[in-house]
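**Q** Starting from two chains that each stand alone, build the complex the way the hints lay out.
Line by line, the protein sequences give chains A and F. First residue of the first sequence: 1, per this note's numbering; consecutive thereafter. First residue of the second sequence: 1001, per this note's numbering; consecutive thereafter.
No wet-lab data here; the hints were simulated from the structure. Glycine included, every Cβ here is placed at the ideal spot set by N, Cα and C. Check the hints yourself; a few may be wrong.
As the list claims (entries may be wrong) - Quick list of simulated restraints, FRET-style, between CB atoms: (1) A:L84 / F:T1110: 28 to 34 Å; (2) A:S18 / F:E1015: 44 to 50 Å; (3) A:E85 / F:Q1014: 38 to 44 Å; (4) A:S18 / F:I1062: 38 to 44 Å; (5) F:D1059 / A:K83: 39 to 45 Å; (6) A:K83 / F:E1056: 43 to 49 Å; (7) F:H1072 / A:K15: 37 to 43 Å; (8) A:E85 / F:N1067: 33 to 39 Å; (9) F:N1067 / A:Q59: 26 to 32 Å.
As the list claims (entries may be wrong) - If we take Cβ atoms under 8 Å as the criterion, some of the chain A residues that face chain F in the derived model are: (10) G42; (11) P43; (12) Q48; (13) D63; (14) F65; (15) Q106.
So the chains spell out like this:
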Amino acid sequence: EAGVAQSPRYKIIEKRQSVAFWCNPISGHATLYWYQQILGQGPKLLIQFQNNGVVDDSQLPKDRFSAERLKGVDSTLKIQPAKLEDSAVYLCASSLAVELAGPYEQYFGPGTRLTVT
Amino acid sequence: GENVEQHPSTLSVQEGDSAVIKCTYSDSASNYFPWYKQELGKGPQLIIDIRSNVGEKKDQRIAVTLNKTAKHFSLHITETQPEDSAVYFCAATGGSTLGRLYFGRGTQLTVWP
Chain A
1 EAGVAQSPRY KIIEKRQSVA FWCNPISGHA TLYWYQQILG QGPKLLIQFQ
51 NNGVVDDSQL PKDRFSAERL KGVDSTLKIQ PAKLEDSAVY LCASSLAVEL
101 AGPYEQYFGP GTRLTVT
Chain F
1001 GENVEQHPST LSVQEGDSAV IKCTYSDSAS NYFPWYKQEL GKGPQLIIDI
1051 RSNVGEKKDQ RIAVTLNKTA KHFSLHITET QPEDSAVYFC AATGGSTLGR
1101 LYFGRGTQLT VWP
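Isolated chain F, as found in the complex (with noise of 0.2 Å):
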C-alpha cells in the first residue's frame, strides 16, 4: 500500500513568519493529496488539497505545492497566527480503493506569539 512520509514532527514559529511542512508519498498512482489541521479534542479538518493535475494551489495564507516526479508535496503557511497552532496531516490516495486515504504521522505546529 502507500507510504506517506511526513516532516519534520514538530514545528515552531513566530507569529508571522512562515511555516512549511513537508511529505512524500510512495505509490505513483496517488492522485489526490489533502491536508487536515486538527485541533485538540477534535476531528480532521480540511483545509487545503490538490489533484496530480496541478502544480500549486493556494487559499489565502495557505498554499500547496506537488511534484509528481520527486513524489513530494509541501504545505505552505504564511504569516502565522496563534490560532494556526495545531496538528497537520498530510495524506494521499492510493492502493486499490478508490477514496482512501493513507495519512502521515502529523506535524505539531506552535506559533509564538
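For reference, chain A alone in the conformation it holds in the complex (with noise of 0.2 Å):
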C-alpha cells in the first residue's frame, strides 16, 4: 500500500515570498491533515479536512495560510507572503474517515523543510 506522498522535499524562499506544498493521501482515507513542526518541537495541526470539507482551521494563520483539498484527494496549502518564523517542516497526515465511533490511526508523509531567509 503506497503512502502519504508529499511534494517538494524541501524549499527555500525569501521572506514576502510565496510558496505551495502538495499532499496526495493514502487511497481510501477521507481525512486530511496538514502540520506545522518548528525544530525541536512536535507537529501542530494547522488544517484538517474530512473529503473535501474543512472539519478545523482554528490554527491556521488565515492571514497568509491558505489550503485547499479539490475533489476530496489531493491537497494543496500555500503560504503567501511568507515569514522568518514560517520556516518549519510540513507535515501532511491522512486517516479513515472519522467518526462517533472514535478516532483512527494517522499516517503520515516524508514532509516538506521550509527555510524562508
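**A** Right under this line is the structure:
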C-alpha cells in the first residue's frame, strides 16, 4: 500500500515570497491533515479536512496561509507572503474518516522542509 | 485545548536495556493515544497506540500503558537496539474536533552499542 506522498521535499524562499506544498493521501482515506513542525517541537495541526470540507482550521494563520482539497483527494497548502518564523517542516497526514466510534490511525508523509531567508 | 507534557526530553541507554518515556494529558475527553517514532529527515511513523477503554497494549518489544485516572500514559521499549535511536512523540486527542492530535515535545532516544 502506497503511503502519503508530499512534494517538494525541500524548499528555500525569501521572506515575502509565496510557496505551495502538495499532498496525496493514502487511497481511501477521507480525512487529511496538515501539520507544522518547528525544529525541536512536536507537530501542530494547521488544518483538517474530511473529504473536501474543512473540519478544523482554528490554528491556521488565515492572513497568510490557505489550503484546499479539491475533489476530496489531493491537497495543497499555500503560504503568501512567507515570514521567517514559517521556517519549519510541513507534514501531511491522512486517516480513515473520523466518526463517533473513535479516531483512526493517522499516517504521515515525509514532510516538506521550508527555509525562509 | 489539550495539553500534552512529555518527559524526558533526552534519554540515553545501553543496548539491551529498557527505555521508558512518560506523558501526561489534560483533557479527560481524550480517548486515543498514539506514539510515533521520527527518524532524521523522515515523517513520524506510528509505532503503537492505545484507546481509553484499554489499560495496556503490547507489540513485541514495545508496550504502552494508560492510567486514565491520573491522565498519564507511558511507552516502554525493552531490549533496546541501536536502530531504536530516534525522536519519539506521544500524542492525545482532545478538543472539539474528532481525530485531532495534540503532540508532546518529543524525546530523543539514543541507544549506545
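**Q** So, for every hint listed, does it hold in this structure?
**A** Okay, the hints, checked on the actual structure:
A C-beta distance of roughly 31 Å is found between L84 of chain A and T1110 of chain F, which places it inside the suggested range of 28 to 34 Å. As the Cβ distance of S18 of chain A to E1015 of chain F is approximately 47 Å, the hint placing it in 44 to 50 Å holds. At roughly 39 Å, the beta-carbon separation of E85 of chain A and Q1014 of chain F lies within the given 38 to 44 Å, and the hint holds. As the Cβ distance of S18 of chain A to I1062 of chain F is approximately 42 Å, the hint placing it in 38 to 44 Å holds.
Here the CB-CB span from D1059 of chain F to K83 of chain A is close to 42 Å, well matched to the stated 39 to 45 Å. Between K83 of chain A and E1056 of chain F the beta carbons are some 44 Å apart, a value that agrees with the proposed interval 43 to 49 Å. Distance hint for H1072 of chain F and K15 of chain A: a CB-CB separation of about 41 Å, consistent with the stated range 37 to 43 Å. For the pair E85 of chain A and N1067 of chain F, the supplied restraint of 33 to 39 Å holds, since their beta-carbon distance comes to about 37 Å.
A hinted range of 26 to 32 Å for the beta carbons of N1067 of chain F and Q59 of chain A is consistent with their spacing of about 28 Å. Given the 8 Å rule on beta carbons, the hint for G42 of chain A holds: about 3 Å separates it from the nearest Cβ of chain F. With a least beta-carbon distance of about 5 Å to chain F, the hint placing P43 of chain A at the interface is held under the 8 Å criterion. Taking 8 Å as the C-beta contact cut-off toward chain F, the hint placing Q48 of chain A at the interface holds, the least distance being around 6 Å.
Because the beta carbon of D63 of chain A sits about 21 Å from the nearest beta carbon in chain F, more than 8 Å, this interface hint is broken. The criterion of a C-beta within 8 Å of any C-beta in chain F is not met by F65 of chain A, whose closest approach is roughly 17 Å, and the hint is violated. Nearest Cβ of chain F to the Cβ of Q106 of chain A: about 6 Å, under the 8 Å cut. The hint holds.
Hint compliance for this structure: hints 13 and 14 are broken, all remaining hints hold.
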